[in-house]
Amino acid sequence: MLTSILALSALALVFGLILGFAAIRFKVEGDPLVEQIDAQLPQTQCGQCGFPGCRPYAEAIAAEEAQINQCPPGGEATIHALADLLDLEPLPLNPENGAESAKTVAFIDEQTCIGCTLCIQACPVDAILGAAKQMHTIIESECTGCDLCLPPCPVDCIEMIEIKKDMLTWKWPYPQESPPDSRPDSRLEASA
Amino acid sequence: MTEFALILLSTVLVNNFVLTKFLGLCPFMGVSRKLETAIGMALATTFVLTLASVCSYLANTYLLAPLGIEYLRTITFILVIAVVVQFTEMVIQKSSPLLHKVLGIFLPLITTNCAVLGVALLNIQQELNFLQSAVYGFGAAVGFSIVLILFAAMRERLAAADVPVVFQGPAIGLITAGLMSLAFMGFSGLIKG
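Line by line, the protein sequences give chains A and B.
Note that the working numbering numbers the first sequence so that position 42 is 42, with each residue one more than the last.
Note that the working numbering numbers the second sequence so that position 116 is 116, with each residue one more than the last.
In case anyone wonders, no lab produced these hints; they're calculated from the structure.
Careful: at least some of the hints might be erroneous.
Taking lysine-lysine pairs in the PhoX-like style, the calculated list, with each CA pair at most 25 Å apart, reads [what the hints assert, rightly or not]:
(1) A:LYS171 with B:LYS34
(2) B:LYS34 with A:LYS165
(3) A:LYS103 with A:LYS171
Just so we're clear, the structure is a prediction, and the values are computed from it rather than from any experiment.
Using the sequences and the hints given, assemble the complete structure.
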């Protein structure tokens with residue numbers, strides 16, 4: 001009886017010491033906030049938020065210079081993720097930045113393309129292949145569907161195509177948003 | 001050498017922990033919705049199962065047996081497993097952030113995987129020695145990983161398949177698991193004696 005109590009206590013004590021030592025010895029500095037915010041953003045580098053890319057936007061959010069609702073490609077999901085991360089209230093997407101749309105990929109009509117390279121300079125992720133007076137084409141796997149190549153094209157030969165669902169692009173559907181009145185208001189109960 | 005090969009083959013295929021012994025069903029059903037998470041879980045489990053198997057053996061042989069308090073086996077093993085998992089997570093987080101990102105939340109989850117405790121207890125029950133228990137734990141983990149990854153791949157296809165409404169979701173998942181179990185029963189003739 002006494003042996004078992006002593007043995008188990010001793011074992012627990014030793015384990016506790018090992019873990020306590022490990023907690024100090026293997027301490028890791030927490031990720032800087034910018035990294036965590038940047039990880040939530042869709043990395044389309046489209047600039048619709050008004051910043052020159054996802055990372056600058058993440059830096060602006062971290063410095064509290066920007067709202068969390070300026071990212072149309074990320075949409076609802078990103079806003080909720082950011083709100084969770086930063087402990088803020090989720091806001092509706094800011095209409096000034098654009099509307100949330102289905103994921104698209106750019107397509108160049110090669111018959112009309114005059115090889116002006118203007119779209120290549122506009123592409124933030126180098127997904128357009130081509131040279132002066134040569135036909136251009138999109139590297140589909142690199143294209144983030146940011147629409148930035150559309151305005152500079154002088155002959156309007158680029159169009160955005162919605163990505164079709166197939167075995168490769170299919171993913172689990174997002175959980176349905178429940179209607180707001182069915183959700184118990186835990187905040188009110190907590191403060192009451 | 002043959003002995004180790006036999007233990008490995010027996011735990012991976014013939015006495016598969018998930019499909020024949022029905023241990024570790026929670027992560028089997030819970031983490032098999034996506035292939036990538038299943039692979040992460042499989043890697044983490046392999047790691048922890050092998051390590052926990054060895055540590056529990058050491059705790060039993062050098063602490064419980066000499067003191068004659070083998071009846072405390074279960075609670076001791078739970079303690080050992082929890083500590084091993086926690087310690088592993090700290091070390092990995094420090095030494096390899098990339099691996100920690102891959103294994104991520106799965107590591108602490110494994111503490112509650114009953115296959116881990118099952119392997120530790122079966123080791124003692126079958127009176128395996130140190131190396132044998134290590135191989136036994138590793139084999140059990142490989143068996144778990146294979147089945148989990150196969151099942152996740154199947155469920156991804158099932159989700160896109162045209163399943164009758166009443167069978168959709170977990171129902172078809174359980175039926176699939178049952179069929180897999182039946183298939184794995186076929187391995188029982190593989191090793192004679």
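For each hint, the structure was consulted:
1. A:LYS171 with B:LYS34: holds (9 Å)
2. B:LYS34 with A:LYS165: Holds, at about 17 Å.
3. A:LYS103 with A:LYS171: holds (13 Å)
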